[in-house]
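Colleague: Letter by letter, the chains look like this.
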Amino acid sequence: MAKIKGAVVVNEERCKGCELCVVACPSDVLALNGKDVNNKGYHFVYMKNPDNCIGCASCGYVCPDGCIAVYKVKL
Amino acid sequence: MTEEVKLMKGNEAIAHAAVRCGADGYFGYPITPQSEIMETLMELKPWETTGMVVLQAESEVAAINMVYGGAGTGKAVMTSSSSPGVSLKQEGISYIAGAELPCLIVNVMRGGPGLGTIQPSQADYFQAVKGGGHGDYRLITLAPASVQEMADFVALGFDLAFKYCNPAMILADGIIGQMMEKVVLPPFRPRRTEEEIRTQMPWAVQGKTAGRKRNVITSLELEPAKMEENNIRFQTKYKEIEKAEVRYEEIGCEDADYLIIAFGSMARICQKTIEMARAEGLKIGLLRPITLWPFPTDIISSYADKVKGMISVELNAGQMVEDVRLAVNGRVKVEHFGRLGGIVPTPDEVLDAIKQKLL
Amino acid sequence: MDINEIIKPENLVYDKPRLMNDNPMHYCPGCSHGVIHKLIAEVIDEMGMEEKTIGIAPVGCAVFAYNYIDIDWEEAAHGRAPAIATAIKRLNPEKMVFTYQGDGDLAAIGTAETIHACNRGENIVIVFVNNAIYGMTGGQMAPTTLEGMVTATCPYGRDVELNGYPLKISNLVAQLDGTCYVTRQSVHTAAAVKKAKKALRQAFENSMNKKGASLVEFVSTCNSGWKMSPDAANKWMEEHMFAKYPLGDLKNV
Chain A
1 MAKIKGAVVV NEERCKGCEL CVVACPSDVL ALNGKDVNNK GYHFVYMKNP DNCIGCASCG
61 YVCPDGCIAV YKVKL
Chain B
1001 MTEEVKLMKG NEAIAHAAVR CGADGYFGYP ITPQSEIMET LMELKPWETT GMVVLQAESE
1061 VAAINMVYGG AGTGKAVMTS SSSPGVSLKQ EGISYIAGAE LPCLIVNVMR GGPGLGTIQP
1121 SQADYFQAVK GGGHGDYRLI TLAPASVQEM ADFVALGFDL AFKYCNPAMI LADGIIGQMM
1181 EKVVLPPFRP RRTEEEIRTQ MPWAVQGKTA GRKRNVITSL ELEPAKMEEN NIRFQTKYKE
1241 IEKAEVRYEE IGCEDADYLI IAFGSMARIC QKTIEMARAE GLKIGLLRPI TLWPFPTDII
1301 SSYADKVKGM ISVELNAGQM VEDVRLAVNG RVKVEHFGRL GGIVPTPDEV LDAIKQKLL
Chain C
2001 MDINEIIKPE NLVYDKPRLM NDNPMHYCPG CSHGVIHKLI AEVIDEMGME EKTIGIAPVG
2061 CAVFAYNYID IDWEEAAHGR APAIATAIKR LNPEKMVFTY QGDGDLAAIG TAETIHACNR
2121 GENIVIVFVN NAIYGMTGGQ MAPTTLEGMV TATCPYGRDV ELNGYPLKIS NLVAQLDGTC
2181 YVTRQSVHTA AAVKKAKKAL RQAFENSMNK KGASLVEFVS TCNSGWKMSP DAANKWMEEH
2241 MFAKYPLGDL KNV
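Protein chains in written order, with my numbering: chain A, 1 to 75; chain B, 1001 to 1359; chain C, 2001 to 2253.
Pulled out of the complex, with its shape left as it was, chain A reads as follows (with noise of 0.2 Å):
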């Protein structure tokens, strides 16, 4: 079986912590950002556990702000 391998890449300028991602990502890759804040004073997300994301792109089509984007590879 082909393996997936994904990776997010946050604009974290663009990005206002709302979380929706965090919450849409099934297999729990993104989680906010507790200690630094953008320029606009929000929390942002990132990839907690990297190594589990799927490329799924469920936090891309949830994300209000489109500061998502999804990369995808098959190993």
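Rather than coming from a laboratory, the hints here were simulated on the basis of the structure. Some hints could be false.
What the hints assert, rightly or not - Each computed DSSO-like pair below joins lysine-lysine, with the alpha-carbon atoms no more than 30 Å apart: (1) B:Lys1006 x B:Lys1182; (2) C:Lys2016 x A:Lys5; (3) C:Lys2195 x A:Lys74; (4) A:Lys3 x C:Lys2016; (5) C:Lys2016 x C:Lys2235; (6) C:Lys2016 x A:Lys74.
Unchecked claim - Computed footprint of chain A on chain C; a stretch qualifies when at least three of its residues, placed anywhere within it, have a C-beta under 8 Å from a C-beta of chain A: (7) 2004-2017; (8) 2182-2189.
Claimed, not checked - Sample of chain C residues at the chain A side, in silico, Cβ under 7 Å: (9) Pro2029; (10) Val2035; (11) Lys2038; (12) Val2193.
Using N, Cα and C, we set each Cβ at its ideal position, and we do this for glycine too.
Using the hints provided, position chains B and C relative to the given structure of chain A.
Modeller: Leaving out everything else, chains B and C in the frame of chain A:
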């Protein structure tokens, strides 16, 4: 080629002129005494000839917003109504002025306030020339006094509207709308092509083509500094219009001892009044503002030191008289005579009023 | 595998739509408007209609829609978008014309314009965002506010004795002969977003195929107005909004 002279109502003349002057669209809602405008357009079926769109809207509010929509795409669009309906249109007119779009609005005035009467009146003068809707804006206001002018002012109104990207209004009344006169209809001029719209109206919303920024038609600007800038731009434009576009007619003013100021149908009646007066040896002249805004302030002011008195004769309780008084600034006596609620005075009634108030 | 080997242009499977520009959106975090904006941008792009599309922005939160999607726009007075769209489409029949309206705009102040544009069978798309509240003005009651729901102008909950019933305007519009497609969608999950995009695409195609008016209602959240977190708002919507405004096609002819 000999001119084609027709006999028709003022309202009908507007409809014919609209088709002939290359209007792209008419959006209206029936109301007496101007319903013949849309009726005539529907009968003419211009969508089969020039391609002009004619649509009966669900309300005056919808109609004026259709005009806003169409004007934003660079098209020559118009609406018509009568007083209560024009009140409803004020929202849209303010938005059109705020978005700096050209369009033509026809108001065939009837008596008010409220539902009032279907009889003629000139009581919407303030509404037309002092704003009407909200915000600091101006409406180019043309006052026809004949069926011929009803026809001619359609093209003129559109031309001024497009020249200044500003709404223009034909402010007629039930008399001019309903009366039949001979009229020479204006020559046909084609509607603007898409290409002409693109080059002449680069702001028009036509679909964002490659190589240009998106066009946005809006009156909204939440940043106060920019909104003030917009307002200053409007005011500069209005000053320009006041300088360049004043139109009026003088009849027997050169040697006049007294001056009547009257517009539209009332000016027609006053023409007879000055004839009667002169037969009695009374030298009365008639100054007829054709543009109510911009108002012919300078010419009226220039008569302040030449005549013994002025009277503003209007089908209202005294509206234009305020602008006449502002023009002469106390240098000469200015009276008002008017009948209200749809009553139209006779020429001799006006003459009696002049004798009573000025002599 | 190194992450940099995955993040390569050839591996890109999802990104911000091309027609959505880089202007930061003024919407609150988690607002449904952003996702709906993305779908519109994607559909226009995929249909190759960028140069032929004219959007009508409403009054309300989405008044600045014109700042985010890179097409030509006209901004309407509150409720008048369908009238504006009517004229634009009639005067420019080859253009693709849509309105973007909230519940107050479409179902209160603009009810007449909505009903009559639909009834005339205007070849336009109406995108209707129903979040049961006036967002921009600060969370007042909307025509679609649910019974018992608390807003700034029904602080004790919507009382039907006082305020009447939540208005199912899409059901009303579906009754009109001029509409060809009336559907209720949502954008709270990836699956819902994919489905909603198909619906939107069909609506836009209908308009170009002169089939009449299409209305796509998005049952949405206003987490700020509802005073909930975005996730909690989605869950509340599933439980309460979907009960009153069930998802699915109301009409498809």
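Colleague: Checking one constraint from the list: CA of lysine 2016 (chain C) to CA of lysine 74 (chain A), max 30 Å. Satisfied?
Modeller: holds, 22 Å
Colleague: Within a Cα-Cα threshold of 30 Å, do lysine 3 (chain A) and lysine 2016 (chain C) meet the stated pairing?
Modeller: holds, 26 Å
Colleague: Just to make sure I understand the rule, a stretch counts as covered if three or more of its residues have a C-beta closer than 8 Å to a C-beta of the chain. Does the segment 2182-2189 of chain C meet that for chain A?
Modeller: holds (count 3)
Colleague: So, as I understand it, the hint says valine 2193 (chain C) touches chain A; can you test that by seeing if any CB pair is closer than 7 Å?
Modeller: OK, holds: valine 2193 (chain C) within 7 Å of chain A, min 4 Å.
Colleague: Is the hinted pair lysine 2016 (chain C) and lysine 5 (chain A) satisfied, with a Cα-Cα distance of at most 30 Å?
Modeller: At roughly 20 Å apart (the allowed maximum being 30 Å), lysine 5 (chain A) and lysine 2016 (chain C) satisfy the hint.
Colleague: Lysine 2038 (chain C) was flagged as interface toward chain A. Is the shortest Cβ-Cβ separation under 7 Å?
Modeller: holds, 6 Å
Colleague: Measure nothing beyond the straight line between the CA atoms of lysine 2016 (chain C) and lysine 2235 (chain C); if it is 30 Å or shorter, mark the hint as holding.
Modeller: holds, 25 Å
Colleague: Against the 30 Å threshold, does the CA-CA distance of lysine 2195 (chain C) and lysine 74 (chain A) hold or violate the hint?
Modeller: Answer holds: lysine 2195 (chain C) to lysine 74 (chain A) is near 26 Å, not above 30 Å.
Colleague: With a cut-off of 7 Å on the beta carbons, see whether valine 2035 (chain C) makes it to chain A.
Modeller: Holds. Min distance 5 Å.
Colleague: Sort out whether lysine 1182 (chain B) lies within 30 Å of lysine 1006 (chain B), counting only the CA atoms.
Modeller: holds, 5 Å
Colleague: Three residues or more, CB to CB closer than 8 Å: is that satisfied between the segment 2004-2017 of chain C and chain A?
Modeller: That given contact holds, which follows from 11 residues of the segment 2004-2017 of chain C lying within Cβ reach (below 8 Å) of chain A.
Colleague: Restraint: proline 2029 (chain C) near chain A, CB-CB cut 7 Å. Satisfied or not?
Modeller: holds, 4 Å
Hint compliance for this structure: every hint is met.
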